[in-house]
Structure formats: structure tokens, C-alpha cells
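Engineer: Add chain B to chain A, keeping to what the hints say.
Protein chains: 2
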Amino acid sequence: MKNIKTAVILAAGKGSRISNTANYVSKPLLKLYDMTLIERSIFNLNHKLNVKKFYIVTGYNHDAVHDFLEELKNKINVEINIVFANEWEKGNGASFLSISNIVKEDYVYVVMCDHLFNDSFFETIAEKNIENNKCYLAISKTLSQFNEFNDATKVKIKNGNISHIGKSIKAIDGFDTGFFVIASQIFKYIGNMSDEKSISLSHIMQKIADNNHLCCIEVPARSWLDIDTKEDLEKAKDFLFDAANSKSNDGPVSRYLNRPISNRITKQIANFPVKPNHISLVSFLLSLLAAIIIAFKGYSFLVLGALLAQLSSILDGCDGEVARLKNITSKYGGWFDQILDRYADLLLITGLTFHTYYLHQSLYVFLIGILAIGGSLILSYSAIVYDPASKNIQKFRMGRDVRIFIILIGSIANFPYVTLLFLALLMNIEVLRRLWVLKDKLDY
Amino acid sequence: MKNIKTAVILAAGKGSRISNTANYVSKPLLKLYDMTLIERSIFNLNHKLNVKKFYIVTGYNHDAVHDFLEELKNKINVEINIVFANEWEKGNGASFLSISNIVKEDYVYVVMCDHLFNDSFFETIAEKNIENNKCYLAISKTLSQFNEFNDATKVKIKNGNISHIGKSIKAIDGFDTGFFVIASQIFKYIGNMSDEKSISLSHIMQKIADNNHLCCIEVPARSWLDIDTKEDLEKAKDFLFDAANSKSNDGPVSRYLNRPISNRITKQIANFPVKPNHISLVSFLLSLLAAIIIAFKGYSFLVLGALLAQLSSILDGCDGEVARLKNITSKYGGWFDQILDRYADLLLITGLTFHTYYLHQSLYVFLIGILAIGGSLILSYSAIVYDPASKNIQKFRMGRDVRIFIILIGSIANFPYVTLLFLALLMNIEVLRRLWVLKDKLDY
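Chains as they are written, first to last, in this note's numbering: chain A, 1 to 444; chain B, 1001 to 1444.
Incorrect hints may appear among the rest.
Covered by chain A, per the in silico footprint, the following chain B stretches (three or more residues, Cβ under 8 Å) [stated by the list, open to error]: (1) 1329-1339; (2) 1346-1353; (3) 1380-1393; (4) 1426-1439.
Listed below are the simulated DSS-like cross-link pairs for lysine-lysine, each with C-alpha atoms no more than 27 Å apart in a straight line [said to hold, decoys possible]: (5) 1073/B <-> 441/A; (6) 73/A <-> 31/A; (7) 1331/B <-> 395/A.
Simulated from the structure, these hints should not be mistaken for laboratory data. Each residue gets a CB set at the ideal place from its N, CA and C atoms; glycine is no exception.
Same shape as in the complex, but just chain A (with noise of 0.2 Å):
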């Protein structure tokens, strides 16, 4: 395997087509969630593909995006090297050419920044064995619906390797999806272009092929996505959603219920600057309150803080979202989240057990409700053990959103007693399921 640890970002066109976009300044600078096209081009490479080292070529409004870079520079542990292409407006060959004396590395990953990838696709890449002095082109062999057939690069192939790479090209095997690896040996290939009028990149990776040194890596086609109009902008606001939250070991009222409204609700803040944390607490403050309202005397305080509670577990889904979304997600967030949320939990049973007493005036209420906190305490506790082990095993997850919703439904129904009893029940019960399922399990 080859280690490339170096990437050129093209970010030198006008983006002419997407120029009427609200605050335009330059195309690398447009925001998807709160984040640069260009910043998070640099943030993938860094994370999926262990680039260390960036050459980002500039044109259009290079002073704008020059100072942006110059203050990413300070936010992040990567090397970033500036590079201005005086031909930029020839087109984005000539953007490519301008790097071809600079760059000193053999390999190097050229990557267009008005493109999205998604995990698999950077997976794939990692996992290609690149061969001596060969160029690679990735390519999908379909399009998505992420992308306009009309505005793709289309490639024909022939023994392997690219035959045939442009816009109009006949006999389609694939299209081009701006990602490529190039050996720099093959700059040699070029040759001298300065007194072509207009070159795309496109003509010079025809020149590669054509010495048969351009080979193609088969991606996914929803792996993939070219932002060149404003309405891609919408389009790359879903296909980074997907991207982000593909996986998840949700439970059933999550992901029925919690999640597609939580969904909804993170695509609109994450256009914000607003932090996971800070969705963390509104969600525990919110269960908070609910637990008070819950524990005043009458059927309406009990429902209401019930459909607070829930609203409270909705959100409590966006954290996360919005982390992946903002490739923001850390280790602390996530523990900080889950540790409010076991308060959560503590406060509202413990809201719904005063509740319970006042209309029983019985002592046993206590105790249920003693266990029924025990026990949801206890179930998460064993998650972090059980989930893990279980993951194949595991059919219906008796997490955080089946026990919301249990205390909805029984406050709904008016049965707070049965609920507090019925939760004491399942949770213990499920403590001792995944005791008994694990026994002699475990891997050491």
C-alpha cells in the first residue's frame, strides 16, 4: 500500500452556476451546516484518510478564501500550503497544472472542493492497492439521484483502464466523481498547455489515459455527490444527513417515532452555530421540568410533563446528529450526554413516584418507585457491557426511548401507579434477561 499522506484541493473556480446563492463569496467558502465546502474537504481527508499535509490551489476571490485558510491554519494539526493559480480562469486543468512543479510527493490525492464523499467512499479509496507510476480516477458506474446526469464527467473504459474521460463522451461506463490519485511522475505526460485558451481538467486527464497510465476505483454511486447549482446546495444538505446518521443501534420508539422528528429538527439548527453540549443540556433542562410538572397533583400536570418528557427524548436524539453532521462528534459529548440523561431518567421517575404517592398516600409507592429508578439506572449500566456483546443478538433494544414512552402512554391513560409498577418490573426483569443471555459469552 501506498501511504499518501498529501492532498491538492482545487478550489479555484467562480462556481458561476451557484454564484447567486444568498452571501456568495466564493465557492470553497459555501456553508453546509455551519461548515466551509473547503473545510470540510480538508477535515475528511485529515480523519478518513490520514492526510496530513494540503496544497490548496485558489483563483476566484483568492484573497477571501486565502484568510480563511490562514485561520483554519490555527484551528487544526494539518500542514497548509496556499497555492494561487494565475491561469485559474482557463479553467480547472489549468488550476491543476499550477501545482505540478510545487508538489514534491510521488503520490498525491487531487480532490475538486465542491465535492462530497461519504464514508464508504473513503473506505474504498483506503483500500485500493495502488500500483507504481498508475493514476486513479474514482468513478461510480451509476449515478444517484444525488447527481444530474447532464452535468457529470463520463468515462468510457477499456482493458481496465480509462479509455475515454469528458462531458460528451459516447458508450458510458462511468462517471467521474472528482477524486483522483496521481502519481507525480505523470506530469511528464502533459507537457507545455500555457498557450491553450481554456483547459479543464478533464483534457488532461485524457492525456493520461491516453498513455494508458489512468486506472479507475469503483465507488458506490450514492457514495458521492458535485455541488454545482444551488439546488445541489439542498441535495448536499440530505446526502451529508445520510452520510451522518446511516448507523444507529436505535431503539424501536427512536426509530419510529424520536428519530424522524428529531431528523427534522437537526437539519434546521445545524445551519447554526450551535454546539452538541448545549443541545445536550437544553434536553436534560427540559426533563427537568418536566419531572416538576409531573409531581404536581392532577391528570393535566401528569400529561403535561409526559409530552414534555417525550419533547425532552426527541431532542435528546439532535446531539448527536448534529456532531456527525459538523463532524464534531467527541468521546466527552457523547459521555456528557449520557450521564445527563440517567438524570433524566432519575427525575422523572422520581416526578411520577410523588405523583403516585400523593394520590395513594401509601409507602410501597416509594419503594416501587426506588426500584424502577434502580433499575433503568442499573439497565443502562449494563449497557455498556451488554450492548456491545449483543450486537447481533439484539432485536428490540429496551433502551431510554421504550421507558419515555412507557410513562407517556400510562400518563395518558392515567395509570401512574401501574406505570411506576410496570417499570419496576421491566427494568429489573431486563437486567436479569441480559444477565442470563450473556452468561458464559463474554470474550475476554
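Structural biologist: Quick look at chain B alone, frame taken from chain A:
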């Protein structure tokens, strides 16, 4: 690194000096903490050095050892070959020679079954770079209190190689630990010894040393022990206990009060076929009983219950100690114990809460009791992330041992309400403190 996967265990001797032990059958079948020497030897070589194939050389009371090993084969997943040494009565050298035509591997470990080794011993062996066609003897430069000078085999070193080996040599540079790495090539240097009446292993090793093929691996003095006499068996128990219980992240009450007592209990009960999970269960049932007793009205119940809880907390250390002594630690066992501990905490503080309520008849008692329960359980929940992350900064671990001890002190002082309030504050403040301390400190 040579990847040595084969070991020869010499288990043929009569063990005359130890055969006066009660129920003595054969040295390899001597039990320490309910585990035979031969089984412990196989287990350690497999787990610590990844040995997959064993040649066990038998002699004295061959049938009994043979039957034991045949049964062991069904229990563990390694290859065991039993080799009967016809001439075992000539000495351990003769036993060693019996494998010369059987072992096909280039390198094997050769180990005396009556020697014990700790983890740091095996780590030193695993890290040693074995040169081609060289043999190695693990030596310690000094003797620990575990070994007798007169019984030890001594070595002399010249130019980094062992030049002399024997019990009575002068000018000693180190001591033979009974652990060898043997290149099977060297059998050619030994020659035919069938005419000799007595063949000791030292005698054979001296021949290898004479050919400059015996190097040494230096190990710590306290990392090994040789069992020759009945008295050595008691030393061996201490040795194994130290080896099994040297590392811990105990809290202060555990370290200075619980551990010293639980260690004594463990040394006794580990001689019987008692399972760690059963100890966990007994400790839990004791806590359950303690919780019920505490809940009763009256000072004497409070104190009796708290004392039982403290006893349960002491016993709670024994399950892990026994598991480590018998080499049967398991992830499930640890998890099972942790879950039961959480239930024990839940029940004890619930008992204390009801006791306090009977005294004060105020609903605030339940609120405070619930916060003490919640804080305790969430504190344990937080420890799963906090403990590994704070290994180097944590000086005073606020864990279960401290919690139970606070209940004991508060109960003896007859301040149940203050105790409950103190627990509620302390546990929840400690959770907040942990959240604060790890802020921005967790790696992803």
C-alpha cells in the same frame, strides 16, 4: 522474534522431599489453590506466551498424571502430548533427553513443572530476542525470600554466555529459574549418555554451555519460585497471591481495611473448589439481608445492618481475588459482580431511607434518599469512562468502599438522616466534579 508455540514440561520426578504431604500422588498433581501444578503451568504458558502445543514428560506415577492430563485435554483448547520417560529415575536430565527424538520444532520452551513464575517473568521472556541456534536459561541475579540458597542451581557467566552451571559452583553470577529456551539443533552436542547412571539437567546444560551455546535471560528475583519441600508450598501460596493481586485501583477504605481482610479470607477459601460468581452472589445476599435489617426501626438494627453491609463489602473483594488466583478471571464474572454491586448499593440506601423515614416522618427523606441512590448509581456509571481516563490523575477514588464505610460510620454515630444527606451531596457533587475534570480531556 522467534514465534515459539511449543513447550516441554518436565513432570517426571518423584519429589521425594515433598512426598510427605497429605494425599500426595505426584508432584505435578500437587494442588495450590485448588489447581494442580501441571495445569497451572500449561495454563500460564498458553495465556502468557501463547504456547499451543505441549509435550509433558512423565515418569513417577505416570498413570495418575496421564489420566489427569487426558481429562484436561477435554477442558482446554491446546495440544497435549504425553511422553513417558523410561529412564526418569536417572534424573531430570534423562527426562529431558527423552524428547530429543520427538520434538520436531526448531525452538521450544523447556519448563520444570514444579517452578512458578509471575507475569513480569513471562513478559521478560516474551520480549527477549532469541538468536539462531542459541539456547537460553532464564536466571535471576539474586534470590528472593521465596527461594533457598542451598537448593538453588547456580550459574557463572562469561562474555554474556553461561560458562558454568551446577549446585555447588563458586563465584556465582546468578541462579537457574528452571525455564529454558531450547534450539533443538543442540541435541547433537549432547551425545550419547545412555551409559551414565545419573543424568541431571545441569549436567546436560553444562555440555551446551561448553559449546558456547547457552545464553541467559535475566528476570527479576521475585518473579519465580521453586517448590521442593512441604514448606515451599506455603511460600508458593504467598507467591501466587502476590502475583495475582499486585495491581489494583482500590479506593482508600478498600486498600487499608477491606483488602487486608479479604486477602486472608481468599487465601483460605481459594483452597476449595469455590467459584468467584458464587462469592459475588453470597456478598450480594449479605447486602440484601443488611438492607432489610437496616430498614427496621431502632439503633441496634441500624448498626447490625451497617456492619453486615461492611462485611459484604469486604467479601466483595474475594471474588476477584479468587478468580485471579485460579486464573479464571472472566469479563462476564467482572460484569456480573458489578451489576450485583449496583443492586447492593440500591438496596442498602433504600433500607437506610426507610429507616430514616420512620424516624422523621418527612417526605423530604424520600427525595434525599432517591438522590443518594441516583447519585451512587450514576457515579458508578460514570466510572466506566472516568476510571480509565483518569488513571494518572486520580488520587482518592470515591467508590463503593467509601460509600459503604460512610453508611457504617453514620449508622454507628446514629445519624441516619445526616448520612443520607451527606451521601446525596457527596455522590452527585463527585459526578459533577468528574464531568468537569474530564472536560476536553477525552481522546476520541
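Engineer: Against each hint, give a clear statement of whether it holds in the structure.
Structural biologist: Hints and how they fare:
Figure legend: the stretch 1329-1339 of chain B, annotated as covered by chain A; annotation consistent (8 residues with Cβ-Cβ distances under 8 Å, at least 3 required). Given a C-beta distance limit of less than 8 Å, the hint that chain A covers the stretch 1346-1353 of chain B holds, as 3 residues qualify and 3 suffice. Residue count for the stretch 1380-1393 of chain B with a Cβ under 8 Å from a Cβ of chain A: 5. That meets the three needed, and the coverage hint holds. Counting residues of the stretch 1426-1439 of chain B whose beta carbon lies closer than 8 Å to any beta carbon of chain A gives 4, which meets the minimum of three for the stated coverage.
Taking the CA atoms of residue 1073/B and residue 441/A, the gap is about 21 Å. The hint holds against a cut of 27 Å. For a cut-off of 27 Å, the pair hint linking residue 73/A to residue 31/A stands: about 18 Å separates their Cα positions. Straight-line distance between C-alpha atoms of residue 1331/B and residue 395/A comes to about 23 Å, which keeps the hinted pair within the 27 Å bound.
Consistency with the previously given hints is maintained throughout, with no hint failing.
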